[in-house]
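**Q** Each chain sits in its own coordinate frame; assemble them with the hints.
Each chain, letter by letter, is given below.
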Amino acid sequence: MTDPTLAGPLQLQRLALGQIAARVNFLASRVPALGSSGGRWAGPARDAYDDKLRELARLAHRSHDAVLTARDCVDRALVIVANDVH
Amino acid sequence: MSTDAPSTADLVISGGGRTAIASDELFSHAQELEKVAIESLSCARQLSGVDGILDAARLSAANAPASAFEAESAIASATATLDELEREASLVARLLRVSADAYGGAERFARDAMHDLAARVGYSVGFYLPIIALAVAPSAAIALGGVVLLASLRPGGLSGFIGTLGEWFRGNTRALTDPMNVALVKLGVSSADDFGAGLLHIPPGIVQALGDDGLGVLGTSTTAATAALVGQQFGIFAETPVKATRVSRETGAAPPQTLVDRIDRLPDTGENAHGEQILIDRIEVAGQPDRFEVYIAGTVDFTSVGEEAFDMTSNVYAVADLPAGSYRATQLAMEQAGITRHTPVVFTGHSQGGLIAATLAASGDYDVRGVVAIGAPTAHVDVPASIPMIAIEHTDDLVPALSGMRTDNAAILVERRAFAPGAELGDSPLPPHEKSAYRVTAALVDEAHDDQVREAIRSMSYRGEATVTTTSYLAERVP
Numbered sequence: 000m001t002d003p004t005l006a007g008p009l010q011l012q013r014l015a016l017g018q019i020a021a022r023v024n025f026l027a028s029r030v031p032a033l034g035s036s037g038g039r040w041a042g043p044a045r046d047a048y049d050d051k052l053r054e055l056a057r058l059a060h061r062s063h064d065a066v067l068t069a070r071d072c073v074d075r076a077l078v079i080v081a082n083d084v085h
Numbered sequence: 000m001s002t003d004a005p006s007t008a009d010l011v012i013s014g015g016g017r018t019a020i021a022s023d024e025l026f027s028h029a030q031e032l033e034k035v036a037i038e039s040l041s042c043a044r045q046l047s048g049v050d051g052i053l054d055a056a057r058l059s060a061a062n063a064p065a066s067a068f069e070a071e072s073a074i075a076s077a078t079a080t081l082d083e084l085e086r087e088a089s090l091v092a093r094l095l096r097v098s099a100d101a102y103g104g105a106e107r108f109a110r111d112a113m114h115d116l117a118a119r120v121g122y123s124v125g126f127y128l129p130i131i132a133l134a135v136a137p138s139a140a141i142a143l144g145g146v147v148l149l150a151s152l153r154p155g156g157l158s159g160f161i162g163t164l165g166e167w168f169r170g171n172t173r174a175l176t177d178p179m180n181v182a183l184v185k186l187g188v189s190s191a192d193d194f195g196a197g198l199l200h201i202p203p204g205i206v207q208a209l210g211d212d213g214l215g216v217l218g219t220s221t222t223a224a225t226a227a228l229v230g231q232q233f234g235i236f237a238e239t240p241v242k243a244t245r246v247s248r249e250t251g252a253a254p255p256q257t258l259v260d261r262i263d264r265l266p267d268t269g270e271n272a273h274g275e276q277i278l279i280d281r282i283e284v285a286g287q288p289d290r291f292e293v294y295i296a297g298t299v300d301f302t303s304v305g306e307e308a309f310d311m312t313s314n315v316y317a318v319a320d321l322p323a324g325s326y327r328a329t330q331l332a333m334e335q336a337g338i339t340r341h342t343p344v345v346f347t348g349h350s351q352g353g354l355i356a357a358t359l360a361a362s363g364d365y366d367v368r369g370v371v372a373i374g375a376p377t378a379h380v381d382v383p384a385s386i387p388m389i390a391i392e393h394t395d396d397l398v399p400a401l402s403g404m405r406t407d408n409a410a411i412l413v414e415r416r417a418f419a420p421g422a423e424l425g426d427s428p429l430p431p432h433e434k435s436a437y438r439v440t441a442a443l444v445d446e447a448h449d450d451q452v453r454e455a456i457r458s459m460s461y462r463g464e465a466t467v468t469t470t471s472y473l474a475e476r477v478p
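Quick mapping for you: the protein sequence lines, in order, are chains A and B.
So the first sequence is numbered by numbering that gives the first Met the number 0: it starts at 0 and just counts up by one.
So the second sequence is numbered by numbering that gives the first Met the number 0: it starts at 0 and just counts up by one.
Next comes chain B alone, as it looks inside the complex (with noise of 0.2 Å):
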């Protein structure tokens, strides 16, 4: 943050399959206190020990000095303070763990009222658009006319009121990254779904036993399989074969110990020879099975169509949970690594390359230790509980709110805002998106006091001498 330096007392972390939510900060106190509570006890207990050498009857029998009595009665007196130390921390602790136990139960309620709330917003305005569009389309024709020949007036026509109106939003940085925003398209994506059902006729009560909360049929996955088929119609949002070409291999590299490390190892797509999204990494531990980690970049292409396979239409797929191209050349990629499906392998991804990460961890088609998500719509995904992840978002990044709301508990969601109200945010369009904002908050969590998190940290890392053979992959569409 611009203001303060950052700390590890700015994460809230959540999931993992807890009910609580809180700061970094309460979870270490509470550990902390707890650590307190356990060596006051057994200070109580040695003390108690160290009476019992000798008791009073003993010191009168041997005559002993008075300053012997003093003793006993000081051990006596600390062995009663270290036990009050000890119910007293362990006190505090516990009201710790429940504070973020009754936040998390507070947030998750609130949370489930908005979703309620947006859904039945969503399914009544598309129960009466067809009514709505029918009262307001006189209006809308005349706005919309008065756009377009003002628009046809400016200099460069129709085309430079898109490239003014693009001007905007990079302008307009600011109001793209306030969380308030970002919570509302988080909470409009989730509800997109009630929409096209209101839109549909759908009767509510199956709408709710077909959504998020019921089966999990409708979802962020369907208005985005519905996206996708529609842009089809429109030549937009067309999937093609795609290949994985192997572009370099190298070794030397050390396996990741950090999530910062991790970072660093994410492919640099504008950095590389030509512009490799996917590395992997073979360790070699002797006396153990070789494992894998497999690092994935981000959208490389914002537009739809191109030899790009991590373009948009591969993001829209993606959501959609259908077999998007950079999905199926992350794939292939693995398959010319010598990935098979009991191969010990670790999944890291940013933004696009996240969503991957964590669908592939969620196929069930491999044997996986381990999933790093950083800035990635990836609340729709639900990874099993028995695969340690770790989601890093900021709060004020858009890209993770597309996904909509957070379905699954199983995940470690570490959240924090990148940027303080009113810091620079420079020239990128969606700063707190970018690899290098989320590399300073993943230093911060590599740092964190929970529990969960350095255990899910240790687990993805590795011992030893190891010998790490390095693979990049060009994923490429095949029109």
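Just chain A, with the same shape it has in the complex (with noise of 0.2 Å):
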């Protein structure tokens, strides 16, 4: 039996991983954005930063797909809460 206490903190943690997802998917859009930019700087030092960029953006998106885990397991966590105080 879960501890019925839990489901304030949870309910808090549910409300800022929410926020959090957007900002970073936010962020996640931002990067990619750069290399679409049509710069017109070519060459081997382009293509090196653009390397760059997706793996920054790569970063982006598995901060925000983790974000997106972390939010879906405390939704799961609340429903067990919930239900085991019913």
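Wrong hints could be hidden among the right ones.
Listed next, with one range per pair, are the computed distances between beta-carbon atoms [to be verified]:
hint	chain 1	residue 1	chain 2	residue 2	range
1	A	Leu11	B	Arg457	37 to 45 Å
2	A	Leu14	B	Ala65	39 to 47 Å
3	B	Glu423	A	Arg53	16 to 24 Å
4	A	Gln18	B	Arg340	48 to 56 Å
Under 7 Å between C-beta atoms, here's a sample of chain B residues computed to sit facing chain A [claimed, not checked]:
hint	residue
5	Glu33
6	Ile37
7	Pro64
8	Glu69
9	Glu83
Rough simulated footprint, nothing fancy, chain B against chain A, three-plus residues with beta-carbon under 8 Å [as the list claims (entries may be wrong)]:
hint	stretch
10	1-8
11	11-17
12	48-59
13	64-70
Keep in mind that the hints were calculated from the coordinates and are not lab data.
Virtual Cβ for every residue (Gly too), placed ideally from N, Cα, C.
**A** What follows is the structure, given as structure tokens:
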């Protein structure tokens, strides 16, 4: 049986994780936009820079996925806690 | 450009007191990545806060479901990834800034080396000119005689030949607007004083001490002053008294917010009723002292005699840092408009107007809040670093090159090639110098991401309700 007082902190976490997910999602959209600006400088340096931007975009997406996973887990935990209370 | 749509990526920005030179794209990416790094760090900190709400011990004690533990693990993973994103984005931003600095350093090194070489060549040619002249005099005399003979045999005689020469220049706009030729002109102008010093056999050490890198006594201004002095002996480049006459007064214009707004306010002397070259806006904002905007047109008459104050004589005197007719006429117009040394004022000028704007700002006689010089030969004018100045120059425009190489780093210099290689140039003798070409570039500068450019534009713009009274002035010589 889960301690029912856990519901409050979990709800707080759920709320904060929703806000953070939105912020990180914005970040994930911001990085690739840099690469698609059709820059006039070209050559190996540009290719290396574009590779780096793709890596940054991957990191941003991975962060976003992790935050969403955390939020889903908290959601599931909240359902279980609620069921236990009833 | 003809092949690609104009883009802020075409802008190369330098000056503003910094050492870096880079495209607006490079600066904007660095700024964006710095914002990404800051935002990542902020998100990571917020996640740490969320993690702190429940720890593993509390979850175990509360017999929490497995998903609550999984959430803790996912939060830790997200925090670590965001930390990594922050580090990597900061690193790339730093590398972009370093590469802009390195490019600026390399560019400056190459520029200084070229300047030094051109100065040495100029000095040597001047030094040995008498000997060279003796050696080539017979063949030069024969060649000149041949040209004169051929010219006199042409229909229309010598004047017809000169006309043909003019047509050649008009028909060879492409050569006059080649960025390489423009750069060579810039170098040539910068080393003209060295040529003169060589001709006078002044020791190189003294030339260096008096030159741009020393006391600054010798330079583009000295060369122009010499041209003015020599020209006076032949009846050209003779300065005269001037007057400024108020032509019109109206209200209702909007205060400028952008560089394009400023270019649109520049007097169009060909379209004006009386050919007014100076336009002054008095801007009244409730609760603030009145501010003034002074817009100055470019050269109207490319000869050096007549009643036009914006002529070649003014050009030469202004570059020589002497009181040119157009400079004095603008001062008279400002005085009539009520501008004193304590009145906030912003100057905007195209071509000769930009030179006059920068020179007025550098004079220390006015409370200058900003300068916008469009396609103007201002490289030799030292506007104080405390005054925001934006100089827009096309790398294929010959006119800014006529003041030589830039000697100070305070003004923000935005450069762009107006016409792509092979693009249709139109009928104008110098298409990249046209106000319309600069309007396209100014629109890009208005959209630039560079912090210094944005801040300079913002500092010169107006917010809130304002009443604008516009007065136009005609500057004329009084022979």
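**Q** Next, verify each hint and record whether it holds.
**A** Results of checking the hints against the structure:
1. In this structure the supplied range 37 to 45 Å holds for Leu11(A) paired with Arg457(B), their Cβ-Cβ distance being about 41 Å.
2. At about 22 Å, the beta-carbon gap between Leu14(A) and Ala65(B) misses the expected band of 39 to 47 Å.
3. For Glu423(B) and Arg53(A), the hinted distance range of 16 to 24 Å is not satisfied, since their beta carbons lie about 39 Å from each other.
4. Checked against the hint of 48 to 56 Å, the pair Gln18(A) and Arg340(B) passes, with Cβ atoms roughly 54 Å apart.
5. Among the interface hints, the one on Glu33(B) is violated; its C-beta lies about 12 Å from the nearest C-beta in chain A, farther than the 7 Å criterion.
6. The interface hint given for Ile37(B) is violated, since its Cβ lies 10 Å from the closest Cβ of chain A, which is over the 7 Å cut-off.
7. Look at Pro64(B): its Cβ gets to within about 4 Å of chain A, closer than 7 Å, so that hint holds up.
8. Taken as an interface hint, Glu69(B) checks out: its beta carbon lies about 4 Å from the nearest beta carbon of chain A, inside 7 Å.
9. At a threshold of 7 Å, the smallest CB-CB gap from Glu83(B) to chain A is about 6 Å, leaving the interface hint in force.
10. Counting residues of the stretch 1-8 of chain A whose C-beta sits closer than 8 Å to any C-beta of chain B gives 5, which meets the bar of three, so the coverage hint holds.
11. For the stretch 11-17 of chain A, the proposed coverage by chain B is satisfied: 4 residues have a C-beta within less than 8 Å of a C-beta in that chain, meeting the threshold of three.
12. Coverage of the stretch 48-59 of chain A by chain B holds in this model, with 7 residues showing a Cβ closer than 8 Å to a Cβ of that chain against a need of three.
13. Residue count for the stretch 64-70 of chain A with a Cβ under 8 Å from a Cβ of chain B: 5. That meets the three needed, and the coverage hint holds.
Of the numbered hints given earlier, the model fails hints 2, 3, 5, 6; all others are met.
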